[in-house]
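With chain A held as given, fit chain B onto it using these hints.
There are 2 protein chains.
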Amino acid sequence: MNNNILIAQSGGPTAAINAALAGIISAALKSDNTGEIFGGVNGVQGILEENIISLTERFEGDEDALRRLRFTPDMYLKTCRYKLKKPEEDDSDYTRLTEIFKKYNIGMFFYIGGNDSMDTVARIKTFTESRGLSVKVVGVPKTIDNDLVEIDHAPGFGSAVKYVATTFREVMMDTGLYPLEYVAVVEIMGRDSGWLTAAAVLAPPENFPSEPVICLPEVPFDKEKFIDRVNEEVQKAGFAVVAVSEGLKDKDGNYISASTGYVDKFGHPQLSGTASALAGLIKEAIGCKVRSIDLGSAQRSAGHISSETDINESYNLGENAFRYASEGKSGIMATLTRKGNDPYIVEYGYVDVTKVANRVKDVPPEWIDEDNFTVTADMIHYLRPLTEGETKVDYKEGLPDYLYDRY
Amino acid sequence: MNNNILIAQSGGPTAAINAALAGIISAALKSDNTGEIFGGVNGVQGILEENIISLTERFEGDEDALRRLRFTPDMYLKTCRYKLKKPEEDDSDYTRLTEIFKKYNIGMFFYIGGNDSMDTVARIKTFTESRGLSVKVVGVPKTIDNDLVEIDHAPGFGSAVKYVATTFREVMMDTGLYPLEYVAVVEIMGRDSGWLTAAAVLAPPENFPSEPVICLPEVPFDKEKFIDRVNEEVQKAGFAVVAVSEGLKDKDGNYISASTGYVDKFGHPQLSGTASALAGLIKEAIGCKVRSIDLGSAQRSAGHISSETDINESYNLGENAFRYASEGKSGIMATLTRKGNDPYIVEYGYVDVTKVANRVKDVPPEWIDEDNFTVTADMIHYLRPLTEGETKVDYKEGLPDYLYDRY
Numbered sequence: 000m001n002n003n004i005l006i007a008q009s010g011g012p013t014a015a016i017n018a019a020l021a022g023i024i025s026a027a028l029k030s031d032n033t034g035e036i037f038g039g040v041n042g043v044q045g046i047l048e049e050n051i052i053s054l055t056e057r058f059e060g061d062e063d064a065l066r067r068l069r070f071t072p073d074m075y076l077k078t079c080r081y082k083l084k085k086p087e088e089d090d091s092d093y094t095r096l097t098e099i100f101k102k103y104n105i106g107m108f109f110y111i112g113g114n115d116s117m118d119t120v121a122r123i124k125t126f127t128e129s130r131g132l133s134v135k136v137v138g139v140p141k142t143i144d145n146d147l148v149e150i151d152h153a154p155g156f157g158s159a160v161k162y163v164a165t166t167f168r169e170v171m172m173d174t175g176l177y178p179l180e181y182v183a184v185v186e187i188m189g190r191d192s193g194w195l196t197a198a199a200v201l202a203p204p205e206n207f208p209s210e211p212v213i214c215l216p217e218v219p220f221d222k223e224k225f226i227d228r229v230n231e232e233v234q235k236a237g238f239a240v241v242a243v244s245e246g247l248k249d250k251d252g253n254y255i256s257a258s259t260g261y262v263d264k265f266g267h268p269q270l271s272g273t274a275s276a277l278a279g280l281i282k283e284a285i286g287c288k289v290r291s292i293d294l295g296s297a298q299r300s301a302g303h304i305s306s307e308t309d310i311n312e313s314y315n316l317g318e319n320a321f322r323y324a325s326e327g328k329s330g331i332m333a334t335l336t337r338k339g340n341d342p343y344i345v346e347y348g349y350v351d352v353t354k355v356a357n358r359v360k361d362v363p364p365e366w367i368d369e370d371n372f373t374v375t376a377d378m379i380h381y382l383r384p385l386t387e388g389e390t391k392v393d394y395k396e397g398l399p400d401y402l403y404d405r406y
Numbered sequence: 000m001n002n003n004i005l006i007a008q009s010g011g012p013t014a015a016i017n018a019a020l021a022g023i024i025s026a027a028l029k030s031d032n033t034g035e036i037f038g039g040v041n042g043v044q045g046i047l048e049e050n051i052i053s054l055t056e057r058f059e060g061d062e063d064a065l066r067r068l069r070f071t072p073d074m075y076l077k078t079c080r081y082k083l084k085k086p087e088e089d090d091s092d093y094t095r096l097t098e099i100f101k102k103y104n105i106g107m108f109f110y111i112g113g114n115d116s117m118d119t120v121a122r123i124k125t126f127t128e129s130r131g132l133s134v135k136v137v138g139v140p141k142t143i144d145n146d147l148v149e150i151d152h153a154p155g156f157g158s159a160v161k162y163v164a165t166t167f168r169e170v171m172m173d174t175g176l177y178p179l180e181y182v183a184v185v186e187i188m189g190r191d192s193g194w195l196t197a198a199a200v201l202a203p204p205e206n207f208p209s210e211p212v213i214c215l216p217e218v219p220f221d222k223e224k225f226i227d228r229v230n231e232e233v234q235k236a237g238f239a240v241v242a243v244s245e246g247l248k249d250k251d252g253n254y255i256s257a258s259t260g261y262v263d264k265f266g267h268p269q270l271s272g273t274a275s276a277l278a279g280l281i282k283e284a285i286g287c288k289v290r291s292i293d294l295g296s297a298q299r300s301a302g303h304i305s306s307e308t309d310i311n312e313s314y315n316l317g318e319n320a321f322r323y324a325s326e327g328k329s330g331i332m333a334t335l336t337r338k339g340n341d342p343y344i345v346e347y348g349y350v351d352v353t354k355v356a357n358r359v360k361d362v363p364p365e366w367i368d369e370d371n372f373t374v375t376a377d378m379i380h381y382l383r384p385l386t387e388g389e390t391k392v393d394y395k396e397g398l399p400d401y402l403y404d405r406y
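Going down the list, the sequences are from chains A and B. Quick note: the first sequence, position 5, residue 4 per numbering that gives the first Met the number 0, numbers continuous. Quick note: the second sequence, position 7, residue 6 per numbering that gives the first Met the number 0, numbers continuous.
The shape of chain A in the complex, shown without the other chains (with noise of 0.2 angstroms):
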């Protein structure tokens, strides 16, 4: 009998999706008719190489370790960045991952990624059919780029939001300190979608005398309108602050951290970042004091705080997931929509996956300003909620206490 289930997950880390796999571990540990859970490392590529754990052996009776793997952020079960063929091209991987699902009597597979993974699930979920096995595959959402469509905001995301505004309000903060002028440019991830750089705008404490300048991958990046902004700040407060996505682009489609031209003794272009290529015009241009930035895979994997809503949701979307395949339902992914800010209420469902694939849900136009180098109320209103609530992460020895196993 095809009743066990099989968990992967893909593409980037964030601080959620653990969660999400804890709230199916928990659902399905809790579920009578399910037989083992099995967990494939390193996504859709381990599961083709068999590469397959026993999630039940782990977990079950162990309420403990559920507890902190719910909190532990990255991914348990490691991650690949594999794409599968169309099928028509070639389909020898789904045949492969068909064996593997009759091997190990897959009945459910649930895969928790973004929007090529709901790719993936798509694929999966067809071709099984075609087969004529009766496996349920489900997506579970995940990204800190918030990029993904038919969900109100992507898991992850909001915990990012919080990392980010939370370190932004100390480096502002941190800034403004000095009887001198003083610009600090921090990049943040995102290179297609500006929703992660965009959460700077929570950054300042009340009271505070400056506004972050805030530079979208959305906006060509316009150099002297650039410097008249960042000059405008430091003329008014002393200091400036600078939010630049990794992902910013010139009129003509360049990223501005190849453009700057910075090459190696060699002759070797170097792979500078953005913010420090926005270092570089600024100190240029204006003359003053100028840090940069690179806050790197540190804002994704931010447990330590993350965001209790996050965490929840992503935990919620997971159990949910398991519901949605114990019902017979199969081609989706689970998702929520947000019915109201005050309070703030959000409603589970699911959405056919198709819908989802390849798509990308870009920032609003009108929720930009473009002028100003800032977002507009409407994105405060959008990401203010997703940031509340704090972490409940054990410490031991005075750091955050992860789960980590060795397979």
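One thing to keep in mind: the hints can contain errors.
Remember, identical chains collapse to one label, so a pair may be satisfied in a single copy or spanning two.
[Claimed, not checked] Result set (DSSO-like, lysine-lysine): computed pairs, CA atoms no more than 30 angstroms apart in a straight line:
| no. | residue 1 | residue 2 |
| --- | --- | --- |
| 1 | Lys-250 | Lys-288 |
| 2 | Lys-391 | Lys-338 |
| 3 | Lys-224 | Lys-328 |
| 4 | Lys-29 | Lys-391 |
| 5 | Lys-288 | Lys-85 |
| 6 | Lys-338 | Lys-395 |
| 7 | Lys-360 | Lys-328 |
| 8 | Lys-391 | Lys-224 |
| 9 | Lys-101 | Lys-354 |
| 10 | Lys-250 | Lys-235 |
| 11 | Lys-85 | Lys-360 |
Please keep in mind that the hints were generated in silico from the structure rather than gathered at the bench. All of these numbers come straight from a predicted model, not from anything done at the bench.
Just chain B now, kept in the frame of chain A:
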């Protein structure tokens, strides 16, 4: 009657420097003999310009504000990097300070800062005494660099260690997720001493397959040995994470960040970070995916993950400083001595400030394992207790509710 007090802050910010300020204010407000409490804005530089505010007006009767101050990172009274001249060369600043002290009836002056600030404390004490003023001049220590002598560890350092080790843990877990060879390089503050960079040694969670590769400024950088060590880690675990001090130098004493010789398209040398310089070397030598992270000022200002031990010690040092001044002591720095690690016990006291001024506490060479790019168990035992306990910062609308006053 000169029973008013003046407090100022100097040097770089930390997560615990406002706790010391809160300790002094709290003790002064409780004392029967204290007049008004003044704050000098922007350190001695601000005091010279008579940039002085009343802390009595701000905090008397407002327990909540004093509590928030305790947990607010950065510097409530802002800072300066102003260095007083030697009085025998030019005593105009000292004469001006003496006038200000007289005008405001200052009986006690507290200066919270690092090495340079303790030098300022010593000089002001000597000069005011020579002019017959009875002002008590007391230093209160802080620095994330931990290079202050005559104290077991500097307030602010423990919180920075907690932040760096936590973030490094999250980045290590992130880096190990992909089924490909991947190296992350994280740049950590501390230009001349490796205390904070050493905090990376605490990062790996239990069962983790990789150890951080740690590059301290105390060890001349050897490119071949470094690449070998990174390669060894990549072979063993499939990935590696490097912790590098911003102040890493080669055997000739040149900064690694400068010696890689990146120039912009106009031929100007770029202000490249040390991490991105090492990332470039790794990319060239190993050819795998490499990312660099520069946490910048985020690591000295991370109030959201400050160490309770650190905040409490800083607060206690502030309270004690007030007590010592009340007892008539002058020209001293409040200090603490470690009496045990298990349980962790410190004893508070004071030391002649001239013993502290302009000296530097290096990492003991025997705590550095040069061959293995790491630090020894002695360093781990030294660091661990400083990170214990979590901050009690309040949250408002999802973010830490820091105290910021505009003046």
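Quick rundown of the hints versus the structure:
1. Lys-250 <-> Lys-288: Both, since 28 angstroms and 29 angstroms are each at most 30 angstroms.
2. Lys-391 <-> Lys-338: The answer is within: 26 angstroms in one copy meets 30 angstroms, while 33 angstroms across copies does not.
3. Lys-224 <-> Lys-328: neither (52 angstroms within a copy, 56 angstroms between copies)
4. Lys-29 <-> Lys-391: within (23 angstroms within a copy, 36 angstroms between copies)
5. Lys-288 <-> Lys-85: between (52 angstroms within a copy, 27 angstroms between copies)
6. Lys-338 <-> Lys-395: The answer is between: 22 angstroms across copies meets 30 angstroms, while 38 angstroms in one copy does not.
7. Lys-360 <-> Lys-328: For Lys-360 and Lys-328, only the intra-copy Cα distance (25 angstroms) is at most 30 angstroms; the inter-copy one is 65 angstroms.
8. Lys-391 <-> Lys-224: neither (44 angstroms within a copy, 42 angstroms between copies)
9. Lys-101 <-> Lys-354: within (28 angstroms within a copy, 75 angstroms between copies)
10. Lys-250 <-> Lys-235: Answer is within; shortest intra-copy Cα gap is 29 angstroms, inter-copy 45 angstroms.
11. Lys-85 <-> Lys-360: Classified as within; 24 angstroms inside a copy, 62 angstroms across copies.
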